[in-house]
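**Q** Fit chain B to the supplied structure of chain A, relying on the hints for placement.
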Amino acid sequence: MDSDLVRFVSRRLLEGTLVVLGVATLVFVLLHAAPGDPLTVLSEAPQISPAALERMRHSFGLDRPLPEQYVRYLGRLVHGDLGTSLTQHRPVTAALADAIPNTILLALAALLVDFGVGISVGIAQAQRAGGKRDHVLGVVTVVLYSTPVFALGLLLLGVFAETLGWFPLGGSVDPVRHGALSLAGRALDQLHHLVLPALTLGLAAAGYTARHQRSALLEVMGRDFLRAARARGLPERRLLFVHALRNALSPTITLAGLAFPVLLSGAVLVETVFGWPGMGRLAADAIGRRDYPIVTAAAILAAVMVVVGNLLADLAARIADPRLRSIH
Amino acid sequence: MRLRAGGVLIILLVLLAALAPLVAPYGPNALLDLTTLRSAAPSVAHPFGTDPYSRDLLSRVLHGARVSLSIAALAMLLAVTVGLAVGMASGWAGGLLDTVLMRAVDTALAIPRLFVVLVVLALWEHVSLFTLALILGGTGWFGISRLVRAEVRTTRALPYVAAARASGASTLRILVRHVLPNITGPLIVAAAMGMGQVVLLEAGLSYLGIGVPQPTASWGSIVADGQAVLRSAPWVAGSAGCAIVITVLAFTLVGDGIRARLDPRGI
Chain A
1 MDSDLVRFVS RRLLEGTLVV LGVATLVFVL LHAAPGDPLT VLSEAPQISP
51 AALERMRHSF GLDRPLPEQY VRYLGRLVHG DLGTSLTQHR PVTAALADAI
101 PNTILLALAA LLVDFGVGIS VGIAQAQRAG GKRDHVLGVV TVVLYSTPVF
151 ALGLLLLGVF AETLGWFPLG GSVDPVRHGA LSLAGRALDQ LHHLVLPALT
201 LGLAAAGYTA RHQRSALLEV MGRDFLRAAR ARGLPERRLL FVHALRNALS
251 PTITLAGLAF PVLLSGAVLV ETVFGWPGMG RLAADAIGRR DYPIVTAAAI
301 LAAVMVVVGN LLADLAARIA DPRLRSIH
Chain B
1 MRLRAGGVLI ILLVLLAALA PLVAPYGPNA LLDLTTLRSA APSVAHPFGT
51 DPYSRDLLSR VLHGARVSLS IAALAMLLAV TVGLAVGMAS GWAGGLLDTV
101 LMRAVDTALA IPRLFVVLVV LALWEHVSLF TLALILGGTG WFGISRLVRA
151 EVRTTRALPY VAAARASGAS TLRILVRHVL PNITGPLIVA AAMGMGQVVL
201 LEAGLSYLGI GVPQPTASWG SIVADGQAVL RSAPWVAGSA GCAIVITVLA
251 FTLVGDGIRA RLDPRGI
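Line by line, the protein sequences are chains A and B. Just so you know, this note's numbering puts the end of the first sequence at 328, numbered straight through with nothing missing. Just so you know, this note's numbering puts the end of the second sequence at 267, numbered straight through with nothing missing.
The following block holds chain A by itself, in its conformation from the complex (with noise of 0.2 Å):
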């Protein structure tokens, strides 16, 4: 473990709680921006007396000044207390940590296909660029690109869940018979639930992954170093494998932290679509019910993960080039 290494995550970790420090701000400021306050919503309802709801707004701070309730919404959050969801009667982090873990199941699945995908029919387009190949795959990933990620959701469950049967309609583990399932049994179930939403999400960004790994590699194509590779009488393929994929994959890697932000907007669509009890639909759920704890609480929380996955690309695009440790 070099210092470097140290010095570049110790930075990278202040950077990042600074962005999420900034979020938590921005919804603060979007809070007190909107019409009423908090409380408002629960006015609506007959059984809550006004002086009920004074009583409540003196507990929660609400009469205090602005930048002293900033301070304490700040200190709360420091303590990893989001709020209590006003239609659970729970607190916030209690119904996210049931939906996270199956958020970033799903994007994690769903990078796999992205990248799998993606990168593969990149270099099948690069391998002749400018041939038929390249022209049909161009087409194809561009369809992708335009494609809702519903849209393409239901397609996928109409075709091999409703008409083929081969995968289930919804959820991410089978109700009646999870249970009784050995532990293999319950992965396998879960992994069975998991294979149409994951490839949904995966392969609505490997259409952006695909024209992006396409361009990198021919950009490296036309480099010196090739040129003296080729004029040397090394094979096309090598070239293309070995001296090319090396040099254009670490911007790809980076892509894979700019994908997560791409991929949670797009779990609260095809969890939506699947029934998927992550993140995203709860965060959906709740605005129908103007449950809006849950829902900043989400958007806190898929800044964390953003941050952390960008955090994580960059350690592994610093691992697949040696040039980068360099560099600050």
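Don't read these hints as lab results, they were simulated from the structure. Glycine included, C-beta positions come from ideal geometry on N, C-alpha and C. Fair warning: there could be bad hints in the mix.
[To be verified] Here are the simulated distance ranges between beta carbons: (1) A:His32 x B:Pro215: 32 to 38 Å; (2) B:Gly168 x A:Ala124: 56 to 62 Å; (3) B:Ser43 x A:Ala52: 56 to 62 Å; (4) A:Leu112 x B:Leu158: 44 to 50 Å; (5) A:His32 x B:Val100: 17 to 23 Å; (6) A:Val308 x B:Asn182: 34 to 40 Å; (7) B:Leu34 x A:Leu74: 52 to 58 Å; (8) B:Gly95 x A:Met56: 42 to 48 Å; (9) B:Pro52 x A:Ala187: 35 to 41 Å; (10) B:Pro215 x A:Arg177: 36 to 42 Å; (11) A:Val308 x B:Leu15: 43 to 49 Å.
**A** Frame of chain A, contents of chain B only:
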């Protein structure tokens, strides 16, 4: 090729959207016959079929184009204006203002866009179509401001900008007359790509039932209407789904086409 194909598609879509009340055979919300025309298959009378409420899908998709395209256009206009203003201020001023603005933009870029929109929609109850466009535009300028800032910083170091300043041109004049023409190309590409993304985002929100309110026809909500009858009447979700794909594709092709023209070396 791409540019032309995309351009023709966009012109066609805009024309259809503008003329929707004249072209559409029925009203978008007209319940034609709740006993016999529920989820009817495509036919001569109803080329796209009807939805579970017996509304004519062709009419709904055409009117949906009006809603989707005008929201997207308004949102992109706002995003480009704000992105241009922030990017220019940041890139030209440099120093503390630049640092603060770009840090703020980085922070905003760290939240998945859909979550920002969800927070706003959770807090503001009744959102009109106009407000929805403002929300989508207000969350869409971050990337553009980064792009503009980068271009402004490159341009401001060029000799002709120094010459303009030496001959007494004001900052505003330099920005508008000398810097802006240099960033128009990348800006148009970003705007075209952004249009596609806003169409997707609005469709996603309307699919979730929190974007364009029912019963106003919007492509996303038509797909949602079709979800329950996915197998028996795939044309409901299918017609609106195809409309979304074609529209986003058109904008992506135009963006790609212009990018290829700006940079002849890139393929």
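**Q** Please test the hint of 42 to 48 Å on the beta carbon pair from glycine 95 of chain B and methionine 56 of chain A.
**A** Holds, since glycine 95 of chain B and methionine 56 of chain A (Cβ atoms, about 46 Å apart) stay within the stated range.
**Q** So the hint says 35 to 41 Å: do the beta-carbon atoms of proline 52 of chain B and alanine 187 of chain A match that?
**A** Holds, since proline 52 of chain B and alanine 187 of chain A (Cβ atoms, about 38 Å apart) stay within the stated range.
**Q** Is 56 to 62 Å respected by the C-beta to C-beta distance linking glycine 168 of chain B and alanine 124 of chain A?
**A** holds (57 Å)
**Q** I want to verify a distance hint. Is the separation of the beta carbons of valine 308 of chain A and asparagine 182 of chain B within 34 to 40 Å?
**A** holds (38 Å)
**Q** Are serine 43 of chain B and alanine 52 of chain A spaced within 56 to 62 Å by their CB atoms?
**A** holds (59 Å)
**Q** Given a hinted range of 44 to 50 Å, is it respected by the beta-carbon distance of leucine 112 of chain A and leucine 158 of chain B?
**A** The hinted range 44 to 50 Å holds for leucine 112 of chain A and leucine 158 of chain B, with Cβ atoms some 45 Å apart.
**Q** For the range 52 to 58 Å, tell me whether the beta carbons of leucine 34 of chain B and leucine 74 of chain A fit it or not.
**A** holds (55 Å)
**Q** Kindly confirm whether 17 to 23 Å is satisfied by the beta carbon distance between histidine 32 of chain A and valine 100 of chain B.
**A** 21 Å Cβ-Cβ, so the 17 to 23 Å window holds.
**Q** Check the following: the C-beta atoms of proline 215 of chain B and arginine 177 of chain A are separated by a distance inside 36 to 42 Å.
**A** holds (40 Å)
**Q** Measuring from beta carbon to beta carbon, are valine 308 of chain A and leucine 15 of chain B in 43 to 49 Å?
**A** holds (47 Å)
**Q** Between histidine 32 of chain A and proline 215 of chain B, does the beta-carbon spacing fit 32 to 38 Å?
**A** Holds, at about 34 Å.
Of the numbered hints stated above, none is contradicted by the structure.
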